[in-house]
Amino acid sequence: MSRGSNAGFDRHITIFSPEGRLYQVEYAFKAISQSGLTSVGIRGSDCTVVVTQKKVPDKLLDSSTVTNMFKLTPHIGCVMTGHNADSRSQVHRARVEAGEWKYKFGYDITADVLCRRLADISQVYTQNAEMRPLGCCMILVAIDPQLGPVLYKCDPAGYYCGFRATAVGAKQTEANSFLEKKLKKKPVLDLDKTVQLAISCLSTVLAIDFKAHELEIGIVTKDKPKFRTLTDAEIEAHLVAIAERE
Amino acid sequence: MEKHFTDSRVKGVSTGTTILAAVFDGGVVIGSDSRASIGGDYVSSKAINKLIQVHDRIFSCIAGSLADAQAVTKAAKFQLSFHSIQMENPPLVIAAASVLKELCYNNKDELQAGFITAGWDKKKGPQVYVVSLGGMLIRQPVMIAGSGSTYIYGYVDAKYKVNMTREECLQFATNALALAMGRDNVSGGVVNLVVITEAGVEHIVIPGDKLPRFSDE
Numbered sequence: 006m007s008r009g010s011n012a013g014f015d016r017h018i019t020i021f022s023p024e025g026r027l028y029q030v031e032y033a034f035k036a037i038s039q040s041g042l043t044s045v046g047i048r049g050s051d052c053t054v055v056v057t058q059k060k061v062p063d064k065l066l067d068s069s070t071v072t073n074m075f076k077l078t079p080h081i082g083c084v085m086t087g088h089n090a091d092s093r094s095q096v097h098r099a100r101v102e103a104g105e106w107k108y109k110f111g112y113d114i115t116a117d118v119l120c121r122r123l124a125d126i127s128q129v130y131t132q133n134a135e136m137r138p139l140g141c142c143m144i145l146v147a148i149d150p151q152l153g154p155v156l157y158k159c160d161p162a163g164y165y166c167g168f169r170a171t172a173v174g175a176k177q178t179e180a181n182s183f184l185e186k187k188l189k190k191k192p193v194l195d196l197d198k199t200v201q202l203a204i205s206c207l208s209t210v211l212a213i214d215f216k217a218h219e220l221e222i223g224i225v226t227k228d229k230p231k232f233r234t235l236t237d238a239e240i241e242a243h244l245v246a247i248a249e250r251e
Numbered sequence: 028m029e030k031h032f033t034d035s036r037v038k039g040v041s042t043g044t045t046i047l048a049a050v051f052d053g054g055v056v057i058g059s060d061s062r063a064s065i066g067g068d069y070v071s072s073k074a075i076n077k078l079i080q081v082h083d084r085i086f087s088c089i090a091g092s093l094a095d096a097q098a099v100t101k102a103a104k105f106q107l108s109f110h111s112i113q114m115e116n117p118p119l120v121i122a123a124a125s126v127l128k129e130l131c132y133n134n135k136d137e138l139q140a141g142f143i144t145a146g147w148d149k150k151k152g153p154q155v156y157v158v159s160l161g162g163m164l165i166r167q168p169v170m171i172a173g174s175g176s177t178y179i180y181g182y183v184d185a186k187y188k189v190n191m192t193r194e195e196c197l198q199f200a201t202n203a204l205a206l207a208m209g210r211d212n213v214s215g216g217v218v219n220l221v222v223i224t225e226a227g228v229e230h231i232v233i234p235g236d237k238l239p240r241f242s243d244e
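In order, the protein sequences belong to chains P and A.
Sequential numbering of the first sequence, starting at 6, is according to my numbering.
Sequential numbering of the second sequence, starting at 28, is according to my numbering.
Extracted from the complex, chain P is given alone in its bound form (with noise of 0.2 Å):
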């Protein structure tokens, strides 16, 4: 039977398996909870916020030269979560494409235009038996000119989609069951209440007692559309709001 010449390969290259999937692309997925990394994104009624863990598992590492929030535009940022070198290639692309587009067309690509391009070059990879999926998932924030604070994320199946907020890595279904919950009353959420649910989010799943220089917050709000990280001073704020909440 012609089965018998896929016998093997299946798990080796994307093409499809009898029962129709790409196992390459779930190993991608796979991948993405390697680094041990989890990231909670939330977008709130004026702003759009994205956190991340800031592990630096080498005392000897500068961790000022450490990062998983880039800045694609200066409007649009993301974090990556998932292979280092992969998420390095792919804000890169995401660069070079969100460049081109400003010079083809005149104007700034918007956050859902550019996910969408991403997500279908990630598909182009699990189509191509030459070249592998990335290990890595994006999750852009920005505030559109039309539509207000957006966050979409794309993932190595090459599947995009906007969202309310969303969580990857390795805790993503603890964090996603968290964040529903959160979410379920649609409450109005300012800047500050945004930032520290998402502290909490990442805290109460992954059981840390956050201190300021183990985190990440990239931040758009409608009335500063620029991407900006936030300090190590803002963030000790936030914190210390959420413990005398509590």
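Hints in this document: simulated from the structure, not taken from any laboratory.
Keep in mind that this is a model prediction, so the values were computed, not measured.
In this text, a Cβ means the ideal position worked out from N, Cα and C, and glycines have one as well.
Treat each hint with caution, since some may be false.
[Unchecked claim] To give a feel for the contact side, a few chain A residues facing chain P, derived at Cβ under 10 Å:
| no. | residue |
| --- | --- |
| 1 | K101 |
| 2 | A102 |
| 3 | K104 |
| 4 | F105 |
| 5 | Q106 |
| 6 | S108 |
| 7 | F109 |
| 8 | S111 |
| 9 | I112 |
| 10 | Q113 |
| 11 | E115 |
Since the structure of chain P is provided, determine the placement of chain A on it from the hints.
Only chain A this time, still in chain P's reference frame:
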């Protein structure tokens, strides 16, 4: 060189122009006239913008063929924005000037455009660079270019001083442009000035009737 005899119908709209940039204490003033002409006969636009913002604190003023200059500045803007995102820092003025220079030098056979790039960066403060037609790049404290500049070399040499105040520099730039526009038939319209400092960018437009008058008028 053959370039000077390029037919204006081939090159289309050209900016016979006057552009200048000057460093003062704490910033830089960049300015131009606003006339676009075809050959020496017809004013195709009375109020075009020759001061292109290539990044937050860096402007370029264009001289030569308008089409060439717009294409080059568009490419430069793209390269600079990408460079700046990658570096996670605003670009240096010399980076902007170098990008323009590379484009001018590598395409010197097809292009006919020169630039004065001026801006402010954290490393060297206010700077002025000129990229000439063939792709030469040099830095100077004050620079004038364009067809109208020939009439004001004397004025600039005599009146420019290092470390002027902002007001003195603005007056100097306005006078220089007004004098050039007064004598050069392909320069005219309004005076467009941009003041770039660490704090930000300020646009000043001086319409023709508000320009300084000199003894001959």
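Each hint tested on the structure:
1. Given the 10 Å rule on beta carbons, the hint for K101/A holds: about 7 Å separates it from the nearest Cβ of chain P.
2. Proximity of A102/A to chain P holds as hinted, the smallest CB-CB distance being about 7 Å (cut-off 10 Å).
3. A cut of 10 Å between beta carbons decides the hint on K104/A: the least distance to chain P is about 8 Å, and the hint holds.
4. At its closest, the beta carbon of F105/A sits 4 Å from a beta carbon of chain P; the interface hint therefore holds under the 10 Å criterion.
5. Interface restraint check for Q106/A: the shortest CB-CB distance to chain P comes to about 8 Å, inside 10 Å, so the restraint holds.
6. Checking S108/A against chain P by beta carbon gives a least distance of about 6 Å; that is within 10 Å, so the hint holds.
7. The interface hint given for F109/A holds, since its Cβ lies 4 Å from the closest Cβ of chain P, which is under the 10 Å cut-off.
8. The criterion of a C-beta within 10 Å of any C-beta in chain P is met by S111/A, whose closest approach is roughly 9 Å, and the hint holds.
9. Here the hint on I112/A is kept, as its CB sits about 5 Å from the closest CB of chain P, short of 10 Å.
10. For Q113/A, the interface hint holds, since its Cβ comes within 10 Å of a Cβ in chain P; the closest pair sits about 7 Å apart.
11. Interface restraint check: E115/A against chain P, minimum CB-CB distance 7 Å, threshold 10 Å, status holds.
Going through the hint list in order, the structure satisfies each hint without exception.
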